[in-house]
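In the order they appear, the protein sequences are chains A and B.
Each residue of the first sequence is one higher than the one before, starting from 2 at the first, in my numbering.
Each residue of the second sequence is one higher than the one before, starting from 29 at the first, in my numbering.
There's no promise every hint is true.
Said to hold, decoys possible - Stretch by stretch, here's where chain B covers chain A in the computed footprint (C-beta under 8 Å, at least three residues):
| id | stretch |
| --- | --- |
| 1 | 24-33 |
| 2 | 102-115 |
| 3 | 124-134 |
| 4 | 278-287 |
| 5 | 338-344 |
Claimed, not checked - Capping the alpha-carbon separation at 16 Å, the derived lysine to aspartate or glutamate pairs in EDC-like fashion look like this:
| id | chain 1 | residue 1 | chain 2 | residue 2 |
| --- | --- | --- | --- | --- |
| 6 | A | K236 | A | D396 |
| 7 | B | K89 | B | E133 |
| 8 | A | K4 | A | E392 |
| 9 | B | K78 | B | D127 |
| 10 | B | K124 | A | D396 |
| 11 | A | K306 | A | E392 |
| 12 | A | K236 | A | E305 |
| 13 | B | K205 | B | D116 |
| 14 | B | K256 | B | D266 |
| 15 | B | K78 | B | D237 |
| 16 | B | K124 | B | D168 |
| 17 | B | K205 | B | E192 |
| 18 | B | K124 | A | E348 |
| 19 | B | K159 | B | D76 |
| 20 | A | K129 | B | E133 |
| 21 | B | K205 | B | D168 |
| 22 | A | K4 | A | D396 |
| 23 | B | K159 | B | E196 |
| 24 | B | K128 | A | E345 |
| 25 | B | K205 | A | E40 |
| 26 | A | K236 | A | E392 |
| 27 | A | K344 | B | D220 |
| 28 | B | K205 | A | D117 |
| 29 | A | K306 | A | D194 |
| 30 | B | K108 | B | D219 |
| 31 | A | K388 | A | D155 |
| 32 | B | K126 | A | E348 |
| 33 | B | K128 | A | E348 |
| 34 | B | K233 | B | D76 |
| 35 | A | K344 | B | E133 |
| 36 | B | K89 | B | E196 |
| 37 | A | K4 | A | E395 |
| 38 | B | K126 | A | E345 |
The set of hints was computed from the structure by calculation and includes no laboratory data.
Note that CB positions come from ideal geometry on N, CA and C, so glycine has one too.
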Amino acid sequence: MSKMYYRELYCGTPARYWSGLALLGVIIAIGLGAAYYMEHNGHWVTGMSNQIVWGLPHVFAIFLIVAASGALNVASIGSVFGGPLYKPLGRYSGLLAIGLLAGGLMVLVLDLGRPDRLIVAMTEYNFKSIFAWNVILYTGFFAIVGIYLWTMIDRSVNKYNRTVGFAAFFWRIALTTGTGSIFGFLVAREAYDAAIMAPMFVIMSFSYGLAFFIITLIAAYIWGDRELGDFRLTKLKNLLGVFVGAVFYFTLAYNLTNLYITQHHGIERFILLDGGVYTQMFWIGQIFIGSIIPLFLIYSPAFEKSRWAIAAASIAVLIGGFFQIYVIVIGGQAYPMNLFPGKEVVESGFYDGQVMSYVPTLPEAALGVAGIAVALTMVAVGARVFKVFPETLED
Amino acid sequence: MSNKSDQPNMDRRKMIGGAIAATGAMTIAPGVILHAASVSDEASAGADAKHRWGMLIDSNKCADGCSACVDACNTEHGLKGHGRPATDAVWIRPVKLKDKQTGRENRLVMMCQHCEHPPCVDVCPTNASFKRVDGIVLVDRHRCIGCRYCMMACPYKARSFIHEALTEQSVNAPRGKGCVESCTLCVHRVDDGVMQTACQEACSKEGHDAILFGDLNDPNSEISKTLKSTNSVQIRADLELNTGVRYLNL
Numbered sequence: 002m003s004k005m006y007y008r009e010l011y012c013g014t015p016a017r018y019w020s021g022l023a024l025l026g027v028i029i030a031i032g033l034g035a036a037y038y039m040e041h042n043g044h045w046v047t048g049m050s051n052q053i054v055w056g057l058p059h060v061f062a063i064f065l066i067v068a069a070s071g072a073l074n075v076a077s078i079g080s081v082f083g084g085p086l087y088k089p090l091g092r093y094s095g096l097l098a099i100g101l102l103a104g105g106l107m108v109l110v111l112d113l114g115r116p117d118r119l120i121v122a123m124t125e126y127n128f129k130s131i132f133a134w135n136v137i138l139y140t141g142f143f144a145i146v147g148i149y150l151w152t153m154i155d156r157s158v159n160k161y162n163r164t165v166g167f168a169a170f171f172w173r174i175a176l177t178t179g180t181g182s183i184f185g186f187l188v189a190r191e192a193y194d195a196a197i198m199a200p201m202f203v204i205m206s207f208s209y210g211l212a213f214f215i216i217t218l219i220a221a222y223i224w225g226d227r228e229l230g231d232f233r234l235t236k237l238k239n240l241l242g243v244f245v246g247a248v249f250y251f252t253l254a255y256n257l258t259n260l261y262i263t264q265h266h267g268i269e270r271f272i273l274l275d276g277g278v279y280t281q282m283f284w285i286g287q288i289f290i291g292s293i294i295p296l297f298l299i300y301s302p303a304f305e306k307s308r309w310a311i312a313a314a315s316i317a318v319l320i321g322g323f324f325q326i327y328v329i330v331i332g333g334q335a336y337p338m339n340l341f342p343g344k345e346v347v348e349s350g351f352y353d354g355q356v357m358s359y360v361p362t363l364p365e366a367a368l369g370v371a372g373i374a375v376a377l378t379m380v381a382v383g384a385r386v387f388k389v390f391p392e393t394l395e396d
Numbered sequence: 029m030s031n032k033s034d035q036p037n038m039d040r041r042k043m044i045g046g047a048i049a050a051t052g053a054m055t056i057a058p059g060v061i062l063h064a065a066s067v068s069d070e071a072s073a074g075a076d077a078k079h080r081w082g083m084l085i086d087s088n089k090c091a092d093g094c095s096a097c098v099d100a101c102n103t104e105h106g107l108k109g110h111g112r113p114a115t116d117a118v119w120i121r122p123v124k125l126k127d128k129q130t131g132r133e134n135r136l137v138m139m140c141q142h143c144e145h146p147p148c149v150d151v152c153p154t155n156a157s158f159k160r161v162d163g164i165v166l167v168d169r170h171r172c173i174g175c176r177y178c179m180m181a182c183p184y185k186a187r188s189f190i191h192e193a194l195t196e197q198s199v200n201a202p203r204g205k206g207c208v209e210s211c212t213l214c215v216h217r218v219d220d221g222v223m224q225t226a227c228q229e230a231c232s233k234e235g236h237d238a239i240l241f242g243d244l245n246d247p248n249s250e251i252s253k254t255l256k257s258t259n260s261v262q263i264r265a266d267l268e269l270n271t272g273v274r275y276l277n278l
């Protein structure tokens, strides 16, 4: 096997690169402006309320954070599980993971009621709170993946690569378990009080992270005019198929369990049958676009070597994943909490017993999209400055 | 000359290192000291572990169409609506229920249930949600970062997020945009020795007497005696939170 050389990524002409960065900069600026508008006026200008307390920014943030830990998988397979085909992709895997996490965290922090008090969150910890754990898990992730990248790039510390790789792998599992547990430990809400949330988020991260990885890898090698072999891409594609199937399995287990428990019939009926937009997002978004289409594109012999099909499958996984998080986060809140079992609420001064509507506003969406732009900017700059991508990935 | 350049100026390094360490200490120390001070403040300020303050609400006495307790709470704490019910703060709310099987109707008021094991305190990342030693659950508005996790965790929907800037606040309850708040069990009155909440006072004035406030730890208090001699319930008792607010005739 010939030696692997890594080189900074140049995307055609400098004008093309800089105009791309400028476009991302504009998207980020719009998102920051939107955040300022929401903070300055207060959250009443958003679609959020006292019933739907987490809105579209949380969907973007959780989606990006979950994808971030999944993006690191390729590096883990390369250095922890010894997959030689994956090893050259490890550096990019680490860079993408850091970028996605940074984007997600920016959205999360800027949607706080008091983002100016971030220092309080960094210095004041309640160790019974999953959020407090997540502050440590997220900041630790940057540090560990940073060191992991260092051991991959610097030959003098390469001997620690496997050890750091192990640490990073366990850390990323803990991180997604923590993110899933935010929902798993909410005892009062019927959509959330399930421990399966934590492993389900882990497997969701595998799927979304790999989809992000594949689609950006293909794009980078087209823009950089470099060779990307079919064999390696097919390996990634098959792995994505397994992950998509696993997410589907977890979704099935979660919903079947709820269907068995009489107490949870209400929420199941809401999500699966008569929840309006949430039911549509579940069936069309999560199941059809997010599971059936990608599985068909991945396993159909007609698209065996089609790069177009692999890219389309990855995009479908991401769209479906976004809807899945939307249904979990917003759908779970829209369905009313059952404070009085056996009773029907005739009237209430605070929307008891009512399905709440939530219509996301433009500033919320702008902030969320800016999170994706931050991730892509970090990747674009990182790949240009550091030797991240192999010169060629031909088979 | 070459000899000299081989020897780095260690004094200079030490000074830079010292400066970095000092800056770090200056950044962290105030937080640590404030933290230590505020924790002891919370435990001691006005609260006495001998008491556990709570309420008993008699559903049979809660009159249809009456909003005296809600109005009194709003006035007491300076809660003003902005004509946007979905985002306006609500500390106490009337709820009318109908039994699905028997059709029997009930009316009651819901507010923070001041749990012994409050889920909001469990999930709060910064310890802003806390329970005083006398059982009153509060939010430290200086420490709340507005993450709304407590609102997700509260089984009673007792909390409100402040969605806009506030003006003309009441001295009884300092509040702030971007923070979460809920019923304080009129802690300002309790700390002043006034053993009656604003909602109870208003309810009594109307002649309904549906709300009874008192010390659950004192066996001779009216609330303790009533609780002992009647069949009261906790809302969502299955969660084992041991609420400080109990209900009669539900």
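Problem - Index of numbered hints that the structure contradicts, given in increasing order - result: Hints 1, 4, 9, 10, 11, 14, 15, 16, 20, 23, 26, 27, 29, 30, 34, 36 not satisfied by this model.
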